[in-house]
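Colleague: First to last, the protein sequences are chains H and Y.
Numbers 1 to 169, taken from this note's numbering, label the letters of the first sequence in order.
Numbers 170 to 719, taken from this note's numbering, label the letters of the second sequence in order.
Everything labelled a hint here was simulated from the structure, so no lab data went into it.
Any given hint could be a false lead.
Under 7 Å between C-beta atoms, here's a sample of chain Y residues computed to sit facing chain H [said to hold, decoys possible]:
id : residue
1  : Arg404
2  : His425
3  : Ser460
Keeping only pairs whose Cα atoms sit at most 25 Å apart, straight-line, the calculated PhoX-like set for lysine-lysine is [unchecked claim]:
id : chain 1 : residue 1 : chain 2 : residue 2
4  : Y       : Lys246    : Y       : Lys334
5  : Y       : Lys266    : Y       : Lys246
6  : Y       : Lys206    : Y       : Lys417
7  : H       : Lys5      : H       : Lys48
8  : H       : Lys127    : Y       : Lys434
9  : H       : Lys126    : Y       : Lys206
All C-beta atoms in this analysis are idealised placements derived from N, C-alpha and C, irrespective of residue type, glycine included.
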Amino acid sequence: MPLVKSGAIVADDYLHVADGDAIAEGAVLLPAARFLVDPEGVLKRNSKVGVIWPNSRNIAELAPWLDRVAAVALVFPTFRDGRAYSQARLLRERYGFRGELRATGQVLRDQFVFMLRSGFDAFEVKKDSDAAAFTEVARRYSVVYQPTGDGRATAAARRLSRQNAEARS
Amino acid sequence: MYAYDEIDRTFLSERVAEFRDQVRRRLNGELTEEEFKSLRLMNGVYLQLHAYMFRVAIPYGTLSAQQLRRLAHVGRKYDRGYGHFTTRQNIQFNWIKLAELPDAMEDLAEVGIHAIQTSGNCVRNITTDQWAGVVPGEIDDPRVWAEVLRQYTTLHPEFAFLPRKFKIAISAADHDRAAIKIHDIGLRMRRNDAGEIGFEVLVGGGLGRSPFIAKTIRDFVHARDIISYVEAVLRVYNQYGRRDNIYKARIKILLHELGAERFAKDVEAEWAQIRDGMLEIDDAMVDDIRSRFRYPRYEQLSDTPQELAKASDPRFTAWLQNAVAPHKVPGYAVVTLSLKPIGGTPGDATAEQMDAIADLADRYSFGELRVGHEQNLALPNVAKRDLPALWRALDKIGVATPNVNLISDVISCPGLDYCSLANTRSIPIAQELTRRFANHDLAAMIGRLHVNISGCINACGHHHVGHIGILGVDKNGEEFYQITIGGRADEGAEIGTLIGPAVPYAEVADVIEDIVEAYLALRAAPDELFIDTVKRLGVQPFKERVYATR
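Isolated chain H, as found in the complex (with noise of 0.2 Å):
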């Protein structure tokens, strides 16, 4: 499954550790459950530690660690299940989450936009053919119109800033 990261198709630096295995050396993304077990111990070790982070379980648990976790992955079990652009928000609008925020599941090429717009900065993207275009498709919109914390303008916010502009020339 390739891993999307600023637009580009990278190597995945972290391990995938399930329920029941051994926390090998190196970064890693902990199930959420194995994460709360020993948050502090674990993130003594000296590399990189991310949480998988179901999209049943309320986001708020989470506050406490994270400016020490690296990565947040968030589960997109079907696309059809929008959960988690609301925990994404949250992690990165209410918690000031800064570190790596990753979708992953059912991650399809028409979910990038709203992904992005919703904090998203990684992408386990299900297809190949949907990696690869993920740069075109990010730019599918040049018009928004609700604030998120991407910081883009609004629809609102140009129109009234060309009227500003207009009134003072």
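We have chain H already, so just place chain Y on it with the hints.
Modeller: Just chain Y now, kept in the frame of chain H:
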């Protein structure tokens, strides 16, 4: 009317380009039907019984004559020469080809119409009073706020995959013509003690399998905070709405399971975090939106023109009493165009009718039209002196049946004739009822009476809130119909009560006649409406009358 600017037009063309690419990928097999489904739904494309159906939004029910002509063009070029107006201020084309859909969308986008979020599990087309902006006594023009929310919800990245569809309606008059109490969010515009405008927020209304009337979760949200409040509701719903069972996924079930108080508390907690942030509405933004609604330059006209006094044709008089409503400007009137001709399909209009109506809108209504949830059209700005001439023109094209709000003004879903979900037919029942009650004097004597028909439990014909509701059910492969009475969709919204066992297809019209006869015998006075008689006496006397001989 709201005029799209270059930013909106750019957005629409980007949307069409995206959909063109999605259709291409579906046709060449890159996308499975399962993957394509939610993409096409967000563009108003359903797969029906016989063909794809294309549902186009008419935001807040306002159309320009030019836009109606373009809808006629789509009906003619890509469909079978007609369109069907629905109960949520949309128009549907029933016979469209997938490969041609992007072209149809592009044709519509040129005049600022689209099908974005007319289906799918996202925030749907936001609806309001079809008489918004012209009816006396509104707090404000609700379309301005519908447009504020339309923009906010358009391709909202967080709420494109909600547990289930999500419908918002706004009303700004005392009388609710937008059926806000049967919506996921109903917004009733009001003023607070300081005279500032805002909204009472109702949540959790809806029909379908488990009908609920919406509950008020906040008496007043200041207008500048309405986006953040709606976002708080949507965020609570997105996270906690059920996803294990599509029949329990609407927000009404979440509200019911949590209780309105607890739900309201969750919303308040979320709202407290976001209300003073980037979602606060700037006055300048509202002013900008308001400035792009074009309002007619009304003339000073007599409210009792001699053209009306002179008119003596009894057919005109019947129509005048039935289809013409007061306007906030003296000398003007709001004219409803009945799309319920005797024997016709409720809500259908041919391309020729649409073109002719567009011309009449240009001539008599400042180029503007409205679409209401009762599946009729309206010309909102007609000078009273023009009413006789307008009536002659409307009569000629078959949209002057004087049955607005009468028993033959039936609201109906498409039913088994088109819909893949339906169990039974709806349209032929509606047609039969219009024939039975074709006598105008009889219908006028019966008075206001809404009949609503749904061909299945999904309740697209809003049968629960019909004064008489008819619901088709399948019994061992045969079409049966349950009859409810006492429902209503207005400010006093109620769910109707079942009167007894379902009756077979062939008996439905007889049963409705029995109910009407019972009402005529039981009503306290000629001006006691059917719905009030049912309220006063309950279901029992109607039940006795219907089942005594069955």
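Colleague: Which of the numbered hints are not met once you compare them with the structure shown?
Modeller: Failing hints, ascending: 2, 3, 4, 8.
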